[in-house]
Amino acid sequence: MQLNNAQVVIRPRSPWEAVDLGTHLARQHAGLLISAQFLAMAAVLGVLSLVLMDYPTVVALIFWWLKPLYDRLPLFILSRALFGERPTLKQALRAWPSQMKAQWFANLTWRRFSPWRSFHLPVTQLEGLNGKPRTARLNVLSMRNSQPAAALTIVGVHLEIVLYFALFALVGMLLPPEVYDGWDFNPSDWLDDEPLWFAHLTNWLYLLVLAVWEPFYVAGGFTLYLNRRTELEAWDTELTFRRIAERLQKGSAALLLCAVCLLPALYSPSSLAAEGLCLPPSSEQLPPEERLLNQALTSQASEKAIHALLDEPPFSNPTTEYELKWGEDEPEKEKTAERDGKTPWWLKWLINSWKNSGGIARAFEVLLWLVVLSALAWLLWHYRHWLADFVGRLQNLKPAVRQRPTTLFGLELDSDSLPDDLAAAAEALWPNDPRQALSLLYRGLLVHLLDEHQVAIKNSHTEYEVLGLINAQQLPQLARYASNLTRHWINLAYGHQLPAASVGPALCQAWRIVLKAAAPLTAPATQAASA
Amino acid sequence: MSDTDKPTSTPADKPASSSAGKPANNSRQKAHQLLHAVRGEINKALIGQQAVVDDVLCALLAGGHVLIEGVPGLGKTLLVRALSKVFGGEFARIQFTPDLMPSDVTGHAVFDLKSEAFHLRKGPVFTNLLLADEINRAPAKTQAALLEVMQERQVTLEGEALPVPQPFMVLATQNPIEQEGTYPLPEAELDRFMLKLAIDYPSSDDEIALVRQVTRSAQADALEVSQLRTLLQPKDVQILQKITSEIALDEQVLDYAVRLVRTTRHWPGLILGAGPRASIALVRCARARALLRGGEFVIPDDIKACAAAVLRHRVRLSAELEIAGQGLEHVLAQLIEQVDAPRL
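First to last, the sequence lines map onto chains A and B. Under the UniProt record's numbering, the first residue of the first sequence is numbered 1, with each subsequent residue one higher. Under the UniProt record's numbering, the first residue of the second sequence is numbered 1, with each subsequent residue one higher.
Accuracy of the hints is not assured; some may be wrong.
[To be verified] If we take Cβ atoms under 7 Å as the criterion, some of the chain B residues that face chain A in the derived model are:
no. : residue
1   : E116
2   : D250
3   : D301
4   : E320
5   : V339
6   : D340
[To be verified] Part of the chain B face toward chain A, derived, beta carbon under 7 Å:
no. : residue
7   : V253
8   : G294
9   : E296
10  : F297
11  : I299
12  : K304
13  : E337
14  : A341
To be clear, the hints were calculated from the coordinates, so they are not data collected in a lab. Positions of the beta carbon are idealized from the N, C-alpha and C atoms, including for glycine.
Take these sequences, add in the hints, and give me the full structure.
Have a look at this one:
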């Protein structure tokens, strides 16, 4: 089967639309279908009429009974024509006897009155399924579309009757009024006795009706079947993928896609492929049989490989569970109890313990205590974090003695580390190491603020924050000086910008004026900080 | 301890004041002027939130993303709209809802039945400014769709990595009060935001000015952004970002930033400290702040000023403090107050 060659647009349809498609399909091949059907049925009816010349009613009955056999012919033609391999009239008639063979007995006996005849026929004839696989397949197919299929049969019955009487009416209309008058048509009125030929004629009229209608009926069932498979197997999606794959055939990804898409088609049974419409049934419906024997990886080998894979993780996860059991004597007791076939051991044990109920009460007491203890343990375990936090918090709540840090900004707070005459020391340092000189001046300023003005400078305060604190002191002269010094200090420390040579002496000079005026540095100098 | 023991400062970057400094100085000054104008323009629309505007501009300069948190009606979305108006690049907005899917954010491939081919439909993330409004209303999987684009500035669609236009900035808003039907942002997502800004009520004077301006406007109850001038182009932002990254940073200041972040990791009140991404964000944000300030180099105040916004969403308060009713802001302020500023 090459879905690409399908002569109809394959897409999921509603059942009624599918039947409509069947009608269109039959109309497209109407000439071939009707002529083939007519010739095949005429042959059967001719033989029957010759053999049972005296029993036209029996002939009619047998002819009608054999209808499922005639259905095979239009289905054969349609299944070929659908994929662009329309057979000739001769080919179709020649193939008919072989098409009839499959399950003819079942179809002519217990399946004769199946209302889904045309819907089920492709499964029998095209897929060649029988027995359980056929039943399983029909179950799947019949989940939907079975009602329209039955309706198609019922409509078919009515159409046959209507067409049959219409033909009679047509004949009647062509008769002169002397012979035929009105609708009250009874051959015995104008013929003394109903002759045999008239009965045979009615049989042939019925043949004409069947030759026209039967192909449409079969085509309707066939397209319903196709539609159901399109739904089940997503043929439309597959077709789209195939087209994409064809278009992108150069890329490796496309090849992969192609392989994935074509896999079901490639692996379909080859015997059926020869029939034109090969319809692979799903694997679980088929009994396992060896296939693909002419290649390295046979179906059996691949099945083994798949089963080996399925036995490994993550598909199978064997777990070993250990559990506690009663002592060794218990199983023996159990066994004896079972062997005795009388009261089970646990009942005996219960009765015994009931007799001396002091024991059972104690057992319950122990059990209850165990429950209480385990509940406590669980509570403790569950709130362990909270408890830890709580205990930790209690520890944290101890009064923290706030001590004055011994060092601030990396220098001793007792001003010992600063030189006696800070301005002079800075001035001396300025020409060689202006950074050290500025650092000395800035730290001197901080120590001055701490000692003289009790400014609460913290380790975390940045230079500008210190400046803000100074501004809050309401000492405009000191604030101006501090601002100037801080600016130079920050430019040097973080911006690596050397101040002009004249800045140093000016700052030192100002230091003497501003800080001495504000308050003299009281701490005695012990050693020069700078080296 | 004597002076000789103290570590001498070594420049982490080339000092800007060296011989090549002149043109750099010039461009920096221009950048500062431009930023000043931008700030003024945004402040015209968003009244009384100067600090937040500064922070958002910092994040833009530092190439980071911003999470803005505040109760309804404080102008979170207005801020972003104003920024997008002043910034001439592309702007996209995603209103996060519970049924928003990751592909609604990043884009997806659609199958065209006619041509039978997959076409890539790029999502709203392919823009310069992305407003993720009420980001915590979408489930975690949708929030996670932003992870890649926020960190790597690219989106992987159908196995193909597509870069987003530069500059790229995500501005997400969320509402801290209403928690029903919201999904808290996961830590990994939070960490990708450079700053989390808490937008607060404006001051009394600002509010008076705001009400006066809004009631005078033609629209019902919204401040208009249509009158704002467009001052920045995507190219300008990239240049500004470059200038920002070249701002000098002293080793001491860098050390201060890292120390601040490291302190969060063993601070008693915090069960989750900030990662190295916080240090990086802190330094970059400080550089941006220095440029915004008009400075030539980063000073410890720059670090200190953005520390709270950088750390806020990257640490987690211990349950014990939470029960005690201590706020995260308070703990962070304490922490910042306890870390020594750089000294020589």
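Hints, one by one, checked against the model:
1. Given hint, E116/B at the interface with chain A, holds; its Cβ is 6 Å from that chain's nearest Cβ, closer than 7 Å.
2. For D250/B, the shortest C-beta to C-beta distance to chain A is roughly 4 Å, which falls under 7 Å, so the interface hint holds.
3. Proximity of D301/B to chain A holds as hinted, the smallest CB-CB distance being about 5 Å (cut-off 7 Å).
4. Among the interface hints, the one on E320/B holds; its C-beta lies about 4 Å from the nearest C-beta in chain A, closer than the 7 Å criterion.
5. Against a cut-off of 7 Å between C-beta atoms, the interface hint on V339/B holds, since the closest Cβ of chain A lies about 6 Å away.
6. Satisfaction of the interface hint for D340/B is found here, the shortest Cβ-Cβ separation to chain A being roughly 4 Å, below the 7 Å cut-off.
7. Taking 7 Å as the C-beta cut-off, the interface hint given for V253/B holds, the closest approach to chain A being about 6 Å.
8. Interface hint at G294/B: violated, since its Cβ lies 13 Å from the closest Cβ of chain A, which is beyond the 7 Å cut-off.
9. Here the hint on E296/B is kept, as its CB sits about 6 Å from the closest CB of chain A, short of 7 Å.
10. Given the 7 Å rule on beta carbons, the hint for F297/B holds: about 4 Å separates it from the nearest Cβ of chain A.
11. With a least beta-carbon distance of about 5 Å to chain A, the hint placing I299/B at the interface is held under the 7 Å criterion.
12. Taking 7 Å as the C-beta cut-off, the interface hint given for K304/B holds, the closest approach to chain A being about 6 Å.
13. The interface hint given for E337/B holds, since its Cβ lies 5 Å from the closest Cβ of chain A, which is under the 7 Å cut-off.
14. For A341/B, the shortest C-beta to C-beta distance to chain A is roughly 5 Å, which falls under 7 Å, so the interface hint holds.
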